[in-house]
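Could you build the full structure based on these sequences and the hints that come with them?
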Amino acid sequence: MIGSRREAFVNYTVLVVFSAIAVLPMIGVVFQALEGTELNVSNFTDAWEQGHFADYLRNSVIVTVAVVLTATLLSIMAGYALGTMEFRGAGAVFLLFLAGLTIPTEAVVVPLYFDLRSLGLDNTLIGLILPQIAQSVAFGTFWMRAYFRSVPRALPEAARIDGASSWTTLWRVLVPGGRPAILTMVVLISMWTWNEFLLPLVIINSDEGLRTAPLGLSFFQGTHQTAYPLLMAGALIIAAPIVIVYVFLQRHFIAGMLSGAIKE
Amino acid sequence: MTLAARPKAATTAERRERARGRGGRGAGRPPGEPRRIGWLYALPALLVYAAFLIWPLLHGAYFSLFEWDGLSPGTWTGLSNYSKALSDPTLRGAFLHALVLVVFYAVVPCCIAFVLVAAMSRSKIRGLTFFRTVLFLPQVVAMVAVAVAWQWIYSPGGPINDVLRWLHGLGLPDWSRGWLGDFTWALPAVGLIGTWVQIGLAMVLFMAGVQKIPRELYEAARIDGAGPVREFLAVTLPGLRRELAVALTLTTIAAMRNFDLIYLATSGGPGDATKVPAYEVYNRTFNTGEVGLASAIGIIIAVLIFTFTVLIGRFVEGRDR
Numbered sequence: 001m002i003g004s005r006r007e008a009f010v011n012y013t014v015l016v017v018f019s020a021i022a023v024l025p026m027i028g029v030v031f032q033a034l035e036g037t038e039l040n041v042s043n044f045t046d047a048w049e050q051g052h053f054a055d056y057l058r059n060s061v062i063v064t065v066a067v068v069l070t071a072t073l074l075s076i077m078a079g080y081a082l083g084t085m086e087f088r089g090a091g092a093v094f095l096l097f098l099a100g101l102t103i104p105t106e107a108v109v110v111p112l113y114f115d116l117r118s119l120g121l122d123n124t125l126i127g128l129i130l131p132q133i134a135q136s137v138a139f140g141t142f143w144m145r146a147y148f149r150s151v152p153r154a155l156p157e158a159a160r161i162d163g164a165s166s167w168t169t170l171w172r173v174l175v176p177g178g179r180p181a182i183l184t185m186v187v188l189i190s191m192w193t194w195n196e197f198l199l200p201l202v203i204i205n206s207d208e209g210l211r212t213a214p215l216g217l218s219f220f221q222g223t224h225q226t227a228y229p230l231l232m233a234g235a236l237i238i239a240a241p242i243v244i245v246y247v248f249l250q251r252h253f254i255a256g257m258l259s260g261a262i263k264e
Numbered sequence: 001m002t003l004a005a006r007p008k009a010a011t012t013a014e015r016r017e018r019a020r021g022r023g024g025r026g027a028g029r030p031p032g033e034p035r036r037i038g039w040l041y042a043l044p045a046l047l048v049y050a051a052f053l054i055w056p057l058l059h060g061a062y063f064s065l066f067e068w069d070g071l072s073p074g075t076w077t078g079l080s081n082y083s084k085a086l087s088d089p090t091l092r093g094a095f096l097h098a099l100v101l102v103v104f105y106a107v108v109p110c111c112i113a114f115v116l117v118a119a120m121s122r123s124k125i126r127g128l129t130f131f132r133t134v135l136f137l138p139q140v141v142a143m144v145a146v147a148v149a150w151q152w153i154y155s156p157g158g159p160i161n162d163v164l165r166w167l168h169g170l171g172l173p174d175w176s177r178g179w180l181g182d183f184t185w186a187l188p189a190v191g192l193i194g195t196w197v198q199i200g201l202a203m204v205l206f207m208a209g210v211q212k213i214p215r216e217l218y219e220a221a222r223i224d225g226a227g228p229v230r231e232f233l234a235v236t237l238p239g240l241r242r243e244l245a246v247a248l249t250l251t252t253i254a255a256m257r258n259f260d261l262i263y264l265a266t267s268g269g270p271g272d273a274t275k276v277p278a279y280e281v282y283n284r285t286f287n288t289g290e291v292g293l294a295s296a297i298g299i300i301i302a303v304l305i306f307t308f309t310v311l312i313g314r315f316v317e318g319r320d321r
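If you're matching them up, the sequences are chains A and B in order. Note that full-length UniProt numbering has the first sequence beginning at 1, numbered continuously upward. Note that full-length UniProt numbering has the second sequence beginning at 1, numbered continuously upward.
Source of the hints: derived by calculation from the structure; they are not laboratory data.
A few chain A positions that, by computed beta-carbon distances, are all more than 10 Å from chain B: (1) L34; (2) E35; (3) S42; (4) E49; (5) V61; (6) G120; (7) T124; (8) S150; (9) V151; (10) D207; (11) G209.
Sample of chain A residues at the chain B side, in silico, Cβ under 10 Å: (12) F18; (13) I21; (14) L74; (15) F97; (16) I103; (17) V108; (18) A134; (19) T226; (20) I237; (21) I238; (22) I242; (23) V243; (24) V247; (25) Q250; (26) I254.
Ideal Cβ placement from N, Cα and C applies to all residues, glycine included.
Laid out in structure tokens, this is it:
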């Protein structure tokens with residue numbers, strides 16, 4: 001290797017310095033939440049009780065599970081149609097989904113608020129779930145279409161010759177083989193749904209019992225302006241679930257970001 | 001949660017090849033299945049998507065043509081909300097702040113990511129997965145938690161000011177201040193949080209790109225006597241053009257959509273110092289009752305993001321051909 005010892009030293013220094021920059025703020029937050037010196041979990045129990053985080057986490061779990069299950073099912077079906085079947089208008093439908101990938105929440109949140117309110121769906125979890133499914137299927141359909149197009153044609157054709165319907169072919173033949181692609185999609189949709197803030201802020205505007213975890217943290221911050229140890233405990237409580245998932249499935253997070261962005 | 005994927009629709013060559021491969025019209029679908037069945041599979045997704053994303057977008061465009069407080073009947077004002085969004089000093093300031101944030105969210109992280117990738121690509125690095133996992137972590141944490149954490153870090157009694165006061169004790173000038181409450185420093189302080197978040201994303205994209213660069217190019221460069229810098233400029237950078245475009249697209253979109261951080265960390269203050277368009281969409285709707293204007297700002301954000309995505313796409317494809 002040409003890379004000299006000095007060069008290797010520089011390389012490792014750069015990596016270590018920036019890794020430290022990435023994690024030091026978080027480690028600081030953990031210490032602050034534990035109040036530095038000795039292990040003190042009272043901030044967590046206080047935050048948990050005063051901040052009603054049990055309720056907020058439960059709401060976030062309900063919303064995330066509902067969004068992920070529905071969006072995954074709908075995305076698999078739509079991706080299957082757009083990736084393996086040729087039907088009139090398929091191209092236009094795909095372009096429509098594609099355009100959805102660039103629509104920011106900021107552009108739709110105001111009309112969504114008024115539409116959902118007139119339907120009586122503001123301050124309901126369903127009012128929070130439906131728009132997030134819509135945002136997720138735009139990505140999910142695009143993602144699953146790419147997977148279904150990558151499957152060799154012989155596979156579904158063999159299934160069809162054996163007499164399987166298109167529905168059976170999808171669930172018995174193609175979906176089992178697509179587990180990695182589906183898992184990656186599930187991981188990304190979970191992260192986006194769990195971390196979403198603007199939508200809950202606008203849709204859950206008066207029913208405190210329906211706040212999601214990020215929204216709960218923002219109100220907790222409103223009442224504990226500078227009680228930093230408590231706030232840091234709250235921040236850790238709402239961030240932990242997705243960070244734990246990330247540590248175990250980091251490959252899928254990163255793979256998703258990469259191919260979601262670069263493929264085709 | 002926009003992931004700005006920007007794939008091109010199937011090229012004509014691709015389509016032709018597909019048609020040929022399957023023996024022409026109709027042969028692509030499974031035998032004995034009516035064509036319309038594709039619609040049945042796509043319809044559920046399409047309905048939810050149209051009702052809760054496309055319809056609100058159109059509805060928002062309609063709102064943007066009215067002067068409306070959200071309660072009483074609105075007045076049709078044509079495009080005047082758009083001209084106001086671009087002429088009102090506060091709103092123009094907000095768009096300028098968004099441009100400043102693009103530098104912090106997109107340009108700076110990409111530069112840093114290049115340094116990181118240069119450090120990772122020239123020789124074998126142990127613990128590559130570890131570094132990658134750690135550097136990407138800020139992307140995963142909810143922006144709300146990030147905002148709360150950094151508010152403490154920047155606070156008058158926070159760790160940054162602790163260090164600055166310690167430096168002051170060593171004879172340096174006293175640089176400590178409440179960073180997010182400072183008229184001059186609040187916007188750069190917010191920007192640096194964005195830099196911190198986005199470095200990992202750019203790095204991961206570049207790393208994936210570097211792995212696709214043929215090793216022979218590096219060997220050739222070394223035989224020609226290129227040092228680390230020349231090698232990077234001649235081999236790595238050109239090989240990463242596509243990834244750079246994607247990284248710039250995603251990070252710029254994040255800069256344009258930066259609501260959570262501003263709402264929680266500064267509320268646009270002090271004064272108007274950190275107001276951004278995404279924050280103004282919320283502020284004008286729910287605090288000042290200018291729903292039409294807020295809708296116009298939302299549409300402008302969408303148009304800017306769409307334009308940026310297309311332009312970057314053009315840039316990449318234009319040089320591929």
